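Novice: Below are the chains, spelled out letter by letter.
There are 2 protein chains.
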Amino acid sequence: MAVQTVASSTSGSTVDLGPAAALSCRECGHRVPLGPVFACEECFGPLEIAYDFSAYDTEELRKRIEAGPANIWRYAPLLPVPADVAGKPNLNPGWTKLVKADNLARELGVTGGLYVKDDSGNPTHSFKDRVVAQALEAARAFGFTTLSCSSTGNLAGAVGAAAARAGFRSCVFIPHDLEQGKVVMAAIYGGELVGIEGNYDDVNRFCSELIGDPAGEGWGFVNVNLRPYYAEGSKTLAYEVCEQLGWRLPDQIVVPIASGSQLTKIDKGLQELIKLGLVEDKPYKIFGAQAEGCSPVSTAFKAGHDVVRPQKPDTIAKSLAIGNPADGPYVLDIARRTGGAVEDVTDEQVVDAIKLLARTEGIFAETAGGVTVGVTRKLIESGVLDPTKTTVVLNTGDGLKTLDAVAGTGLTATIRPNLESFREAGLA
Amino acid sequence: MAVQTVASSTSGSTVDLGPAAALSCRECGHRVPLGPVFACEECFGPLEIAYDFSAYDTEELRKRIEAGPANIWRYAPLLPVPADVAGKPNLNPGWTKLVKADNLARELGVTGGLYVKDDSGNPTHSFKDRVVAQALEAARAFGFTTLSCSSTGNLAGAVGAAAARAGFRSCVFIPHDLEQGKVVMAAIYGGELVGIEGNYDDVNRFCSELIGDPAGEGWGFVNVNLRPYYAEGSKTLAYEVCEQLGWRLPDQIVVPIASGSQLTKIDKGLQELIKLGLVEDKPYKIFGAQAEGCSPVSTAFKAGHDVVRPQKPDTIAKSLAIGNPADGPYVLDIARRTGGAVEDVTDEQVVDAIKLLARTEGIFAETAGGVTVGVTRKLIESGVLDPTKTTVVLNTGDGLKTLDAVAGTGLTATIRPNLESFREAGLA
Chain A
1 MAVQTVASST SGSTVDLGPA AALSCRECGH RVPLGPVFAC EECFGPLEIA YDFSAYDTEE
61 LRKRIEAGPA NIWRYAPLLP VPADVAGKPN LNPGWTKLVK ADNLARELGV TGGLYVKDDS
121 GNPTHSFKDR VVAQALEAAR AFGFTTLSCS STGNLAGAVG AAAARAGFRS CVFIPHDLEQ
181 GKVVMAAIYG GELVGIEGNY DDVNRFCSEL IGDPAGEGWG FVNVNLRPYY AEGSKTLAYE
241 VCEQLGWRLP DQIVVPIASG SQLTKIDKGL QELIKLGLVE DKPYKIFGAQ AEGCSPVSTA
301 FKAGHDVVRP QKPDTIAKSL AIGNPADGPY VLDIARRTGG AVEDVTDEQV VDAIKLLART
361 EGIFAETAGG VTVGVTRKLI ESGVLDPTKT TVVLNTGDGL KTLDAVAGTG LTATIRPNLE
421 SFREAGLA
Chain B
1 MAVQTVASST SGSTVDLGPA AALSCRECGH RVPLGPVFAC EECFGPLEIA YDFSAYDTEE
61 LRKRIEAGPA NIWRYAPLLP VPADVAGKPN LNPGWTKLVK ADNLARELGV TGGLYVKDDS
121 GNPTHSFKDR VVAQALEAAR AFGFTTLSCS STGNLAGAVG AAAARAGFRS CVFIPHDLEQ
181 GKVVMAAIYG GELVGIEGNY DDVNRFCSEL IGDPAGEGWG FVNVNLRPYY AEGSKTLAYE
241 VCEQLGWRLP DQIVVPIASG SQLTKIDKGL QELIKLGLVE DKPYKIFGAQ AEGCSPVSTA
301 FKAGHDVVRP QKPDTIAKSL AIGNPADGPY VLDIARRTGG AVEDVTDEQV VDAIKLLART
361 EGIFAETAGG VTVGVTRKLI ESGVLDPTKT TVVLNTGDGL KTLDAVAGTG LTATIRPNLE
421 SFREAGLA
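In order, the protein sequence lines correspond to chains A and B.
1 is the number of the first residue of the first sequence in UniProt numbering; add one for each residue after it.
1 is the number of the first residue of the second sequence in UniProt numbering; add one for each residue after it.
Isolated chain A (complex conformation) (with noise of 0.2 Å):
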């Protein structure tokens, strides 16, 4: 394996995170040391990992991949992570189940195969398990020693369980007036649970301001200074369905946009597997999927717009609800020149296709995977997706989560304990 060492910009050591090269600007090409740093010094766009993979053997990665443990690790060679990464205390997310979803594809008309790859299936059932994992190593490189983040849920409990599994201090931040079940779930790790006046931007800048100060010296924001490592925990969901359908890309992939980070970092995945030659080189075609309460770049995608415009989300997919994506131009891009498209769908559809899901696949999909399913029936019957085709569906979290979406879902009848109360009740 191509292991780099390269000085790290603020601790003066070296760094190993295997075959992460250097950090790159996606917009100018500009190239720092790897270093806990996310933007360009030069032209201030996003900085993402530029890789040395040049020294692979195709079947050789292949075979030393099938041969790697039940989780992401197996991919440890592709990502920005020490080759014994598996050894090291964290939560081993991902190798989820790519559900073949027989039942939902007979009632959306699907013919050539329909997935749904399931990731409340991680540690804590959602796939932020994935970009935590990598953003975990990245600080143990630069010597961090407490874990950060800014969120509204997910993230924050996926930071805390990490932390505490890695021996890391942690101190998540999350707008004040959360609901109980988040707080409990954020608070359960035992890390400092700070919760801030004010809503989720006054959140984010408050972290932005902890980082240039010395109190937040030796942290590690996750999705902040720690972004570009974060963010490549996305490409496993790619690396896994391509390898789960025996190294094969699919027709046609449906993801749900928040930051439109994963759906980004999901192209980049599949990309790299098509250039180191782990899977033939075909067309496929990447779809976005939002609730039409937080839809900036579906809208902009359908006006033929380059730029999204922010807007102010509601809806009840709140762990999609980023009203301003920083990568939405990038989401455009890709939609369109893999032949996709971005939708989407009403919270009511949202709920119908939580409960679509849950009926036929017994999957119970968090708001979030409501979307996906969604937009991927409105699609079908629209006639942009192709139903002949391999398609495959993110759920990226677990309804246990948001319970409240779908709270009106009950008991279909109630009976005393007896026979004629039964038959009365037409149950028989």
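Hints in this document: simulated from the structure, not taken from any laboratory.
Just so it is clear, the structure is predicted and the values come from calculations on it, not from any experiment.
Each hint can be trusted.
The list treats identical chains as one, so a pair stands whether inside a single copy or across any two.
Keeping only pairs whose Cα atoms sit at most 27 Å apart, straight-line, the calculated DSSO-like set for lysine-lysine is:
# : residue 1 : residue 2
1 : K97       : K63
2 : K378      : K355
3 : K88       : K355
4 : K389      : K355
5 : K355      : K100
6 : K268      : K97
7 : K275      : K97
8 : K389      : K88
9 : K100      : K88
Since the structure of chain A is already known, use the hints to place chain B on it.
Specialist: Below, chain B alone, put in the same frame as chain A:
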């Protein structure tokens, strides 16, 4: 594989349930053909599966298991299921993580290796997916078209989800006044969810009535008429623990007790692995864990009794709250035979243990997991459990399902969105 084809006692058709050869009475040994029956016609003792493993070669079997899927079906040759089970629509539970809990070990002073078998990673986030998956295959074999059960929580969701995936009708009976969250979790899969005006005992009595009535024909009650098959699912916990330890028996294993079935089947699974030569024979100790508010088995153990006196449950560990555990006497026998023990902890100790596990390992357990971790701590402190031995603790469910138990957990600080307020709170 020694496939047995035995005439079903009800349908007259032949059933293929792999190595399952017959049903055998645990008390008197009377054998009957495989069928949807659960009590011995001679002595009313519990029926369990008798297998024919005689054709297996140890090393061939080991290789076959290791090459199998990353779920319970890798052990299909040792379960009452057809050989092609992995290709049938079901939730494919199991192969959950065995977490090396080094942080928890340090806190508890365990030096011999401490592991948490974390069954919250199952599809509906409890170990019930394992047992329901067996019952589903039996239901298929016997030509049933409706899957049913009485439940107060985890089982309802597991049955609803499994039925949805398999294309079965489901009809689940629960007390009519369950918490809304549990009702939603059980209802989301779209089957019939019937509230019974009465308590859990009333629900159970009604189900027994329904089985004997023509209205219940074609119904598989997973925990009643399919119980002999259902119960075998718990063996997979023993198989997985040993395989994940490198085909090695643990020295000590701590198991929660509700009906006691799980503990007896874990012992059965360990004994099978020894007899099949898959692990080296050596002593192991099985410890049972109860909540003080429902501790009929630990009370009997401490008093040196062979019979278990029923209790009226009053504990937050509701998934373990069976006051009259059917397998209680067998549990006492196993604990005594292996040199283990049965212990209980208070609700306060349960909550403390949930927090301890979350804080040290990033695992958010339901109350039953708090019971096993709490009992482990208590048994170490009292010198009953040897900290120098390899110890496995089961977590059978997910903290998201019992949020109420830790509802007091919350923010560690609330601040205004500025650095001054951050410093005042002593967080820097």
